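Novice: Go ahead and model the full structure; you've got the sequences and the hints to work with.
Going down the list, the protein sequences come from chains G and Y.
Taking the numbering used here, the leading residue of the first sequence gets 1, the next gets one more, and so forth.
Taking the numbering used here, the leading residue of the second sequence gets 1001, the next gets one more, and so forth.
Honestly, the hints are just simulated from the structure, not real lab data.
Source: prediction; values computed, not measured.
Idealized CB from N, CA, C, for every residue including glycine.
The reader is advised that the hints may include incorrect statements.
[What the hints assert, rightly or not] Covered stretches of chain G, going by a simulated chain Y footprint (3 or more residues, C-beta under 8 angstroms): (1) 67-81; (2) 92-98; (3) 134-148; (4) 152-164.
[Claimed, not checked] Pairs of lysine to aspartate or glutamate, EDC-like flavour, derived with a Cα cap of 16 angstroms: (5) G:K74 / G:D145; (6) G:K39 / G:E58; (7) G:K105 / Y:D1041; (8) G:K93 / G:E106; (9) G:K74 / G:D34; (10) G:K93 / G:D128; (11) Y:K1032 / Y:E1055; (12) G:K147 / Y:E1003; (13) G:K66 / G:E35; (14) G:K93 / G:E110; (15) Y:K1004 / G:D145; (16) G:K74 / Y:D1041; (17) Y:K1094 / Y:D1068; (18) G:K105 / G:D34; (19) G:K161 / Y:E1092; (20) G:K126 / G:E94; (21) G:K39 / G:E64; (22) G:K147 / Y:D1041; (23) Y:K1062 / Y:D1041; (24) G:K153 / Y:E1003; (25) Y:K1032 / Y:E1092.
[Stated by the list, open to error] Part of the chain Y face toward chain G, derived, beta carbon under 10 angstroms: (26) G1027; (27) G1031; (28) K1032; (29) D1038; (30) Q1057; (31) Q1058; (32) R1063; (33) L1066.
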Amino acid sequence: PELQYRQYQVVGRKIPTESDPTPPMYRLKVFAQDEVFAKSRFWYYMNRLRKVKKSVGEVLRVIEIKEKSPNQVKNYGIWIRYDSRSGTHNMYKEARGTSLNGAIKEIYEEMGSRHRARHSVVQIVKTDIIPAAECRRDNTTQFHDSKIAFPLKHRLPRSNKKSHKSTFKA
Amino acid sequence: NIEKTNLLKMGFKRFVQVGRVVYINYGPENGKLAVVLDIIDNNRVLVEGPTTGVERQQMPLKRVNLTDYVLPIQRGFRTGNLTKAINDFDLEGKFNSSSWGQRLSNRQLRAGLTDYQRFELMLLRKQKSYLLKRAVAKAKKAAK
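Specialist: Written out as structure tokens, the structure is:
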């Protein structure tokens, strides 16, 4: 089965004690393949950003955030923080697609291929839907043309049945 | 539109564009016609075929063959308007009467023949071959 990212919202807090009966709740939006990883990432960030560990905290709720308009093409802007071999950097990348989950998958794959950054060192800081006029990357803006038309060049034929498939083609 | 005129000069006739009717040749929607509603990317389009049972979805261009037909629709047309446009254009009629459509229906016909029909077909082919060869031999003799 293909790798599929889902967006989860994890809400959690420190477990209430006598000295602190109503600790603040924190929410994390994270892209993960399953809830288990989402919760794990929640504690990863809680540890680093707040003085809360998994052993003294509790996850209150994990909800999957589904795509509102899965059949509408959108431009996604994604802000990333990642560790390279010689330091950590911020990046802004754009992806075009019908769902945020799909765009995030593209971004992770791109980070892996272009920058050799594995999943664990890439942090998605912020995501947003960008209107066409505000897109910054040529790769995205080249599709912002109401009369866009391009031919399919250099087509390689492919069999649609397994029985017609062959390893070597004449 | 300098690029498009250049592409036309190069000999490209079918373009991926909003309204282009495509034939899906791979995957779960194999064998169905659909209309391009929006272009996502160099490799993907948003496609829907309400009259042929293709739900609105992303479709990789690798799975798609372009047909000659372009519907006069706008980007992101909704299903209702799209169905109306398809029916006004008479897409089914046009495609089924085209040589591409006829080839597909012939293939389906052939695949659905019973053994006895295949036998009958074989006899007819032999007959056709006999008549052809006779006619060729006569023509050769007349030419001498």
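Novice: Next, verify each hint and record whether it holds.
Specialist: Verification of the hints:
no. : hint              : in the structure
1   : 67-81             : holds (count 3)
2   : 92-98             : holds (count 3)
3   : 134-148           : holds (count 4)
4   : 152-164           : holds (count 4)
5   : G:K74 / G:D145    : holds, 14 angstroms
6   : G:K39 / G:E58     : holds, 10 angstroms
7   : G:K105 / Y:D1041  : holds, 15 angstroms
8   : G:K93 / G:E106    : holds, 10 angstroms
9   : G:K74 / G:D34     : violated, 25 angstroms
10  : G:K93 / G:D128    : holds, 11 angstroms
11  : Y:K1032 / Y:E1055 : holds, 11 angstroms
12  : G:K147 / Y:E1003  : holds, 12 angstroms
13  : G:K66 / G:E35     : holds, 14 angstroms
14  : G:K93 / G:E110    : holds, 10 angstroms
15  : Y:K1004 / G:D145  : holds, 13 angstroms
16  : G:K74 / Y:D1041   : holds, 11 angstroms
17  : Y:K1094 / Y:D1068 : holds, 10 angstroms
18  : G:K105 / G:D34    : holds, 14 angstroms
19  : G:K161 / Y:E1092  : violated, 25 angstroms
20  : G:K126 / G:E94    : holds, 12 angstroms
21  : G:K39 / G:E64     : holds, 12 angstroms
22  : G:K147 / Y:D1041  : holds, 14 angstroms
23  : Y:K1062 / Y:D1041 : holds, 12 angstroms
24  : G:K153 / Y:E1003  : holds, 14 angstroms
25  : Y:K1032 / Y:E1092 : holds, 11 angstroms
26  : G1027             : holds, 8 angstroms
27  : G1031             : holds, 9 angstroms
28  : K1032             : violated, 12 angstroms
29  : D1038             : holds, 5 angstroms
30  : Q1057             : holds, 7 angstroms
31  : Q1058             : holds, 6 angstroms
32  : R1063             : holds, 9 angstroms
33  : L1066             : holds, 6 angstroms
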